[in-house]
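S.K.: As a plain string of letters, each chain reads:
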Amino acid sequence: MKLLEMNHVRKAFDGTEVLKDISLSVSEGEVVSIIGPSGSGKSTLLRCATLLETMDGGELVYMGERAAWNDASGNTVYEKPAKLKHIRSYYSLVFQNFNLFPHYSVLKNITDAPLIVQKREKEEVYQEARTLLAKMGLENRENAYPCELSGGQQQRVSIARALAMNPKILFFDEPTSALDPELTLEILKVIRDLAKEKMTMVIVTHEMNFAREVSNRMIFMDKGVIVEETTPEEMFRSTNERTREFLGRYHDLG
Amino acid sequence: MSFEMMLVQLAQGMVKSLGIFMWTLVISLPLGLLVAFGRMSKNPVLRTIIKLYISIMRGTPLMLQLLVVFYGPYYLFGLQIGGSYRFIAILIGFGINYAAYFAEIYRSGIESMPLGQYEAARILGYSRGQTFFRIILPQVIKRILPSVTNEVITLVKDTSLAFALVYMEMFTIAKQIAAANTTMMPFVIAGVFYYIFNLLVAVIMEWFEKKLSYYR
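In order, the protein sequences belong to chains A and B.
So in this note's numbering, spot 159 of the first sequence is number 159, and the numbers just go up one at a time.
So the mapping is simple: this note's numbering equals the position in the second sequence, first residue as 1, plus 1000.
Possibly wrong hints are sitting among the right ones.
When the alpha-carbon atoms are kept at most 30 Å apart in a straight line, the in silico BS3-like pairs for lysine-lysine are as follows [to be verified]:
1) A/196 with A/168
2) B/1142 with A/119
3) A/108 with B/1157
4) A/83 with B/1042
5) B/1142 with A/108
6) B/1157 with A/80
7) A/2 with A/20
8) B/1042 with A/122
9) A/85 with B/1042
10) B/1211 with A/122
11) B/1042 with B/1211
12) B/1016 with A/108
Since the hints were derived computationally from the structure, they do not count as laboratory data.
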């Protein structure tokens, strides 16, 4: 089943087209990586998918439920807020700079939304949060505050916070870009473990080797369009000039 | 007049000053938040009105504002004033003046919050109200505490402006005793009282700051 469908997405900022007719779908259990140079529109695409940004044109569907569609003149109209709130429960997002709540302890960062937003049972939420923390290797840090943690630990807390909402699909927006290489490995390990558990994920990343290893499908974006969309093996054997040029630059560096 | 007598009378005035102080905070701290919302509103009419209000409150003397609030009803509408309206006028005058200052402090704090906090809250499904009261406001309070302390200390001293409406707070009494007995003493005592009052304010606010220093 298709968890996410985005059809013919258009988005411009002050007249500059950032997304030009992008279509993308994600099935259950898939891990999709989106790569591309800075300014290619990959983060904007993620922000449109997570309703942090509004699309100018195009359709957004989660689990067969429409969040947005085109009106007669081809401009996006969004669902009513109540319906969007429901649709938001299907996904979560891990940010580049974590965006943890600094005034909440680690445990409260993870449990607050399940308790307040989803109004779930306290016992159950706490138990699940502790299980998630253990999975993230942070079992002894539940009473710490974000400022007392390393960047890698903070990002692991933010992944736990996202997972505590039990999303069907988890988005990552350059989850390791704010981290040094060592801490990056910590996070990549966590994502790899999630992939083994068949968590559906869409990852915007600059970690080419990681993307190649962890994903079922890779999408290469440039200048607001999808240049290529294929398996990692095919992507790295691509004959497309633009793809080769971009990946080649990484090869040279590596 | 004996020293003890002065002390007792000034202490009675101090209680009234404290009343102005407390009531002003009770009124202006929440009101300031509402004003800050108006100041940041998407509605241009509301925003402009609030901007004008803040500008007048900051641009004219508080003493003049007090006089307008107190005598305005009589001069403008011929209403009988006096008695209990004196204190109410003081609360209105101080309340709306301090609300304007607090509003700008709130605004500076709210606008300094990183966008990422709102986005994280949105992704997690918090409503707008929950986002503001659970995520944003607690962090804003920590950020603005030093500016609020400044304003609160100014308020302690500003309570003396109530003398313009001949309200029997400490400064009014000090002036009367000084004039009747041709002595500096009541001013010295009043000065010491204000100073101790502010020392307490500073200690309490420092305690608050410390309590909120558990995170960065």
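S.K.: If any of the earlier hints don't hold here, list their numbers in rising order.
M.R.: Checked against the structure, the hints that fail are numbers 3, 6, 8, 11 and 12, while the rest are satisfied.
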